[in-house]
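A.B. asks: Residue-level listing of the chains:
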Amino acid sequence: MEERQVKHKDKEEISTINAIAYGNWATKLTLLVSGFGNIYHKQFVKGLIFLSMQISAILLFFTFGWQYVSNMNTLGTHTMRSEIDPTYGIAVNVPGDNSLQILLFSIFAIAIMLLAFAIHLAAVRSSYAAEIDIKRGRQPTSFITDLRNMLDKNIHTAMLGLPTLGVLAFTVIPIVFMILLAFTNFDRLHQPPGNLFTWVGLRNFFDTLSFNGIMGHTFTKVLGWTLIWAVFATFLNYFLGMTVALMINKKGIHLKSLWRTCFVISIAVPGFVTLLFMRQMLADTGSINELLKSDFAQRLGLSTVQFLRDPAIARVTVIIVNLWIGIPYTMLITSGILMNIPEDLYEAARIDGAGPAKQFQAITLPYMLTITAPYLITQFIGNINNFNAIYFLTAGGPPATDYYNAGKTDLLVTWLYKLTVTHGDYNLASVIGIFAFIISAIIALVTFNITASAQKEETFR
Amino acid sequence: MKSMKTRRTLANITIYVLLIVLSILWLLPIVYLVITSFRGEPGAWLDGYVIPKEWTIGNYTRLFTDTSQFNYPLWFKNTLVVAILSCIISTIFVLFTSYAFSRLRFKMRRPMMNIVLVLGMFPGFMSVIAIYHLVKLIGLDQSLSALVLIYSGSAGLSYYIMKGFFDTIPRELDESANLDGCTNWQIFTKITIPLSRPVITYTVMTTFSAPWVDFIIASVIMKDNYSNYTIALGLFRMLERESVTQWWTAFCAGAVLVSIPIATLFLLMQKNYVEGITGGSVKG
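Chains as they are written, first to last, in the working numbering: chain A, 2 to 462; chain B, 205 to 488.
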């Protein structure tokens, strides 16, 4: 008896599967005609909204989507050509296919259909909910009540609706599109509408991973430098920034807010401004080399430095300039946390005879690392994709002749920029983007698991 | 005991010296930028000296009078419009997303948060190319509205910091309000928002300043449509090889001018900035 009751209760839970399995004929017919169940249960407004959504989705697909989706397999067969018009006997231009348009609009059309399908299933569930209400002797919810619930019980649909649509349109669809491009030959030689591109399978991935080809060589070199850069940029910034914060916050140091302001002013100036200004100062004929050329510097035995043009020096230069930009941020963020470390921890350590170095190693560092772990991870991934610091200073240069369209300080992301914006090799850029994603994902997953900060949110409540 | 004291004084003196040196290092480029913006001698390079021999405000006036090649006032206006619009939309999106993920419990919550985590690992630039073709196909390419859409469209993805802040607001407040008959919407507008001033300020600040400092997205979308350039694009173009010798000092003036609103905003909101980014766990 009890078991049957439980089963009965399960049946009444509103889910798509239950609706299909246990719903009445009206609910089941809703699977074909969206909104039918709602109309049958006298929820006319809701039913008509669902029905009109279904009709418009189908219309949209056949008037707009189908012409593109049907060409998905070839991505277009003919470019624009002239034909003799049979009635007038003159040459007219017949518009050709555009691979880019076919691919992008197909994805768009498919996304809209998936969305429409999700709404359709919601209609089925809504009909089942009304059915259950009637069965229990309750009035099915009116449209007004549904609207009111949107501000209370179902507020998450109201709140997340537009942001989700925005993310779908401006992040998900573009990313799907770029991933698909990695399997095509959309490069400088295949630029639609003049030249169509098509599917080539995994060829671009093999090119990138073949270590004897120029692509593979460039990829490994640029990837190596990207990782070195990310490690140095992240951890040097972190430790030096924390050192500055410790110095400012040390007991007995006066004018704390003055020192802090000196550093904070540099954050307030937009990064690209300072980077472009530094590029000019560090140039071969820039102010710093001008100083190094002066009599006084010459007497000291100094000579000019090719800050941005010598491969090795340029790499050190970008890391140091990035310190100039990054240290104030770390200082600002860590000094608040440093002041929050309970003073009695240090007192206990001092009684045990621990010196400043030991105190830092045993108390400050572990405390800071646990609290700022998420910040460190985002910083690291941010540095892998740190476009501005490289592009504005060296533009990826100095150029390397054994690289494919890349320079000695190019990161994956600046190389990606050059490949697409300057050279039009979209397929290779997509492959690189996918690899950058895989690397970021691995790093984030590993560190998130180590720090287990994913569980932190529950400890707050 | 005395040696302890001298050691501490010595340590403090070392720190003072270090702090002075570092402060100079950090202020020098900015001071030099301002100096250059008032320099009378034209040209990008100086021969054998660093401090200018002649001072002028001509570089500033030139930005607003000599607009045939580089239209600085127009760029400024474009950027301001884009910044205000995208700031409003983004802040609303971030508020909604953060509240939903922090306070509400619904079936798709975890999956959605995981998807956001994964999406954030793609290089942001990767989608920009596709977005360019997308807006081109709907006829919005090289327009300011496309920029607004792009800056704010995906704003829901950056809920992380604000959600962290919302997580620290005691749930008991919501629960007692709920017992008093408040709907979730009322809890959101009457309890959560008033308690979250620091993190909202932080979000407004970051979303407002994004269009001022973004180069990569704007450069892909605008291509050569100079009349819709934003500040960052325009200033970058000033430094191209053909124009850098004539426009270097004007560039510095323009850079100083664009820094003023951002800097004022930042210095005023500094405290909120830190509280926002550390998720309210720090009251510094």
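Be careful, since some hints might not be right.
[Claimed, not checked] Stretches of chain A that chain B covers, calculated by requiring three or more beta carbons in the stretch to come under 8 Å of a beta carbon on chain B:
| no. | stretch |
| --- | --- |
| 1 | 20 to 32 |
| 2 | 35 to 41 |
| 3 | 128 to 135 |
[What the hints assert, rightly or not] To spell it out: a stretch of chain A is covered by chain B in this simulated footprint if at least three of its residues, at any positions, have a beta carbon under 8 Å from a beta carbon of chain B; those stretches are:
| no. | stretch |
| --- | --- |
| 4 | 170 to 181 |
| 5 | 192 to 198 |
| 6 | 266 to 276 |
| 7 | 285 to 293 |
| 8 | 408 to 417 |
| 9 | 435 to 442 |
No lab work stands behind these hints, which were simulated from the structure alone. The C-beta atom is built at its ideal place from N, Cα and C for all residues, glycine as well.
A.B. asks: Look at each hint and say if it fits the structure.
C.D. replies: Going down the list of hints, with the structure as the test:
1. 20 to 32: violated (count 0)
2. 35 to 41: violated (count 0)
3. 128 to 135: violated (count 0)
4. 170 to 181: As far as the stretch 170 to 181 of chain A goes, the hint holds, because 9 residues have Cβ atoms under 8 Å from chain B.
5. 192 to 198: violated (count 0)
6. 266 to 276: Coverage by chain B holds for the stretch 266 to 276 of chain A (10 residues, Cβ < 8 Å).
7. 285 to 293: Holds, because 5 residues of the stretch 285 to 293 of chain A bring their Cβ atoms closer than 8 Å to Cβ atoms of chain B.
8. 408 to 417: It holds: at least three residues are needed, and the stretch 408 to 417 of chain A offers 3 whose Cβ sits within less than 8 Å of chain B.
9. 435 to 442: holds (count 4)
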